[in-house]
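**Student:** Spelled out from the first residue to the last, the chains are:
Protein chains: 2
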Amino acid sequence: MGGDHGPPVVVPAVALAMERMRGRNLRFLLFGDEASLNEELAKAPAARAVCEVRPTTLVIGMEDKPAHALRRGKGSSLWNAVEAVKNGEAHAAVSAGNTGALMAISKLILRMVAKELDRPAIVASWPTLRGASTVLDVGANVSSDATQLVEFAIMGQAFHRAVHGVARPSVGLLNVGSEEQKGNEEVREAHRLMRDGGLPIDYRGFVEGDDIAKGTVDVVVTDGFSGNIALKTAEGVARFVRTLLREAFTSTLRAKIGAVVAAPTLRKMMDRLDPGSVNGGPLLGLNGIVVKSHGGADARGYANALVVAADLAQSEYSTEINLNMLRLAEVMASERESRE
Amino acid sequence: MGGDHGPPVVVPAVALAMERMRGRNLRFLLFGDEASLNEELAKAPAARAVCEVRPTTLVIGMEDKPAHALRRGKGSSLWNAVEAVKNGEAHAAVSAGNTGALMAISKLILRMVAKELDRPAIVASWPTLRGASTVLDVGANVSSDATQLVEFAIMGQAFHRAVHGVARPSVGLLNVGSEEQKGNEEVREAHRLMRDGGLPIDYRGFVEGDDIAKGTVDVVVTDGFSGNIALKTAEGVARFVRTLLREAFTSTLRAKIGAVVAAPTLRKMMDRLDPGSVNGGPLLGLNGIVVKSHGGADARGYANALVVAADLAQSEYSTEINLNMLRLAEVMASERESRE
Chain A
1 MGGDHGPPVV VPAVALAMER MRGRNLRFLL FGDEASLNEE LAKAPAARAV CEVRPTTLVI
61 GMEDKPAHAL RRGKGSSLWN AVEAVKNGEA HAAVSAGNTG ALMAISKLIL RMVAKELDRP
121 AIVASWPTLR GASTVLDVGA NVSSDATQLV EFAIMGQAFH RAVHGVARPS VGLLNVGSEE
181 QKGNEEVREA HRLMRDGGLP IDYRGFVEGD DIAKGTVDVV VTDGFSGNIA LKTAEGVARF
241 VRTLLREAFT STLRAKIGAV VAAPTLRKMM DRLDPGSVNG GPLLGLNGIV VKSHGGADAR
301 GYANALVVAA DLAQSEYSTE INLNMLRLAE VMASERESRE
Chain B
1 MGGDHGPPVV VPAVALAMER MRGRNLRFLL FGDEASLNEE LAKAPAARAV CEVRPTTLVI
61 GMEDKPAHAL RRGKGSSLWN AVEAVKNGEA HAAVSAGNTG ALMAISKLIL RMVAKELDRP
121 AIVASWPTLR GASTVLDVGA NVSSDATQLV EFAIMGQAFH RAVHGVARPS VGLLNVGSEE
181 QKGNEEVREA HRLMRDGGLP IDYRGFVEGD DIAKGTVDVV VTDGFSGNIA LKTAEGVARF
241 VRTLLREAFT STLRAKIGAV VAAPTLRKMM DRLDPGSVNG GPLLGLNGIV VKSHGGADAR
301 GYANALVVAA DLAQSEYSTE INLNMLRLAE VMASERESRE
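Chains A and B, in that order, give the protein sequences. Its first residue numbered 1, the first sequence is counted upward by one per residue in the numbering used here. Its first residue numbered 1, the second sequence is counted upward by one per residue in the numbering used here.
Mixed in with the good hints, there may be bad ones.
[To be verified] Heads up, simulated SDA-like pairs for lysine to any residue below, C-alpha to C-alpha not over 25 Å straight-line: (1) B:Lys268 to A:Met270; (2) A:Lys182 to B:Asp64; (3) B:Lys268 to A:Ala255; (4) B:Lys182 to A:Ala255; (5) B:Lys214 to A:Gly296; (6) A:Lys182 to B:Gly61; (7) B:Lys86 to B:Thr57.
Honestly, the hints are just simulated from the structure, not real lab data.
For reference, chain A alone in the conformation it holds in the complex:
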């Protein structure tokens, strides 16, 4: 029921996702208003064959505060979808609903995988010269100590491996310079842990802001404050480019002719620049898979979120994270011992 559109986007998205994942054994539980879901399913036989409707009447509004959603949200489509993961009925939950509510409810029902994490981390799939990089956290945990940054690395590489099929994703730590002594205490300590801790991370050291779009590493680790600022700044620049292009190509007759001739090319370029073309970010750090779709996603975008959820569920993603979190806890314990 979430997002700007609800069933008219979600149901066609199931059909699109099944087309992209032909041959894979998948079923969908649709939580929400029975009548509208059935109406959409009637129009989409490919989706109907793999869907089961779970009627709910309560809906969490896009503007509801997380605290309100926690108190009053029980039995809503969002709540029941996450609970299905907890009960083992579903392997993953996908929602285009209220992000704050989804986070709060997921955290309450599924709990965090490590005590250092305040809230689930959010991943951005960032378009780069080499394809797409995984950047996290982009907005959930406002300040992050060294342990948390290493946890982001563990979760980010598991995500990247499962979704992009890269066997050994490279990991970089976002900083204001690449030299050893650069940055604040947290990044310097996380750097040391990843370099010397013996964790199974293909750690490549510090990277800088311009390395993100270059695709220097597969996974860029940063605290939620800087990560959110970096992501939104980049989105702002991309939007600025779009406006400049539009202005540029309507400025003179010659430019207008150029625009008509170059239109297909330009459209393709803007698609590649658009962060929305890689919709679907998991809430990382939960005991269970929950994927957030943009609220404004169309069926194609929402289908992408469904594919991400299926990729995560059908991979070693969760096992890998649990295993590496245990390893990290051991490293931290032995550090504490050697200090005493």
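Model the placement of chain B on the given structure of chain A, informed by the hints.
**Tutor:** This is chain B only, laid out in the frame that chain A set:
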């Protein structure tokens, strides 16, 4: 002597700057190798009329460590240029040299205007939909408390007023959301100080990453860590766009034709996106004006740095900063009192 080019860029830049500042009474002291400076001046009569050569033989290399520059740099072109400001011989110093050395030497010779500042802050003039915004700090002070953030606001608005001629620049504080409770303790406290402290700042509250390119406010205040990451991330995206455009316009015959037709328009657009088109950032927070030019700047870019320095020197910039720093110190003192 600094930067990638030295005298062959600096001398023609003086001529260009004088053209842009016709009618303004300006003189230049050129510190460096006498022979090469005189050779360039012989080719540029417009520059020769307003320049005086101050021979130096020592040069600080672009790769020298700041500590080394502090120990061995006395008598170099960079050192003597900053010392001329201290002595009152010059109203401002401009250098395209080694940034770390320039910072360290400027701090040693001129000293910081407030004790909270570890190092001079760096300003970025950021191209936006509405012209250019001032963003600081973009890389010098790695962690910033609330007082420092307010100091950045004071310095940023003085810079923006002097260089962009805006009578009452609006100021925003970079955060991960616009609601009161968002962000870390430092930004929330700085927010309170600027909103309630009675300081002469046209403070508009929190802004987010995408507000920078939108030009929502004239001055965007942030700590050096996030600011540096935001700036470099944006530069990375701009470079990514350039690559995509180049690829796009060479992909098909039709696209190639479009490229030829649209070339002047595209070039103009990329110029507007280029942060290098607004070269020249002062080192803020020093008792004196020091402007840093990009090392790779051409004569046009370096001329811009000279204009920035002249604008700052011929305005109330320094007086305004000193006055407002005193006001801030009073606010902080009365806060401490009321807590006791």
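**Student:** Would you mind marking each hint as holding or not holding in the structure?
**Tutor:** Quick rundown of the hints versus the structure:
{"no.": "1", "hint": "B:Lys268 to A:Met270", "verdict": "holds, 18 Å"}
{"no.": "2", "hint": "A:Lys182 to B:Asp64", "verdict": "holds, 16 Å"}
{"no.": "3", "hint": "B:Lys268 to A:Ala255", "verdict": "holds, 11 Å"}
{"no.": "4", "hint": "B:Lys182 to A:Ala255", "verdict": "violated, 44 Å"}
{"no.": "5", "hint": "B:Lys214 to A:Gly296", "verdict": "holds, 21 Å"}
{"no.": "6", "hint": "A:Lys182 to B:Gly61", "verdict": "holds, 21 Å"}
{"no.": "7", "hint": "B:Lys86 to B:Thr57", "verdict": "holds, 21 Å"}
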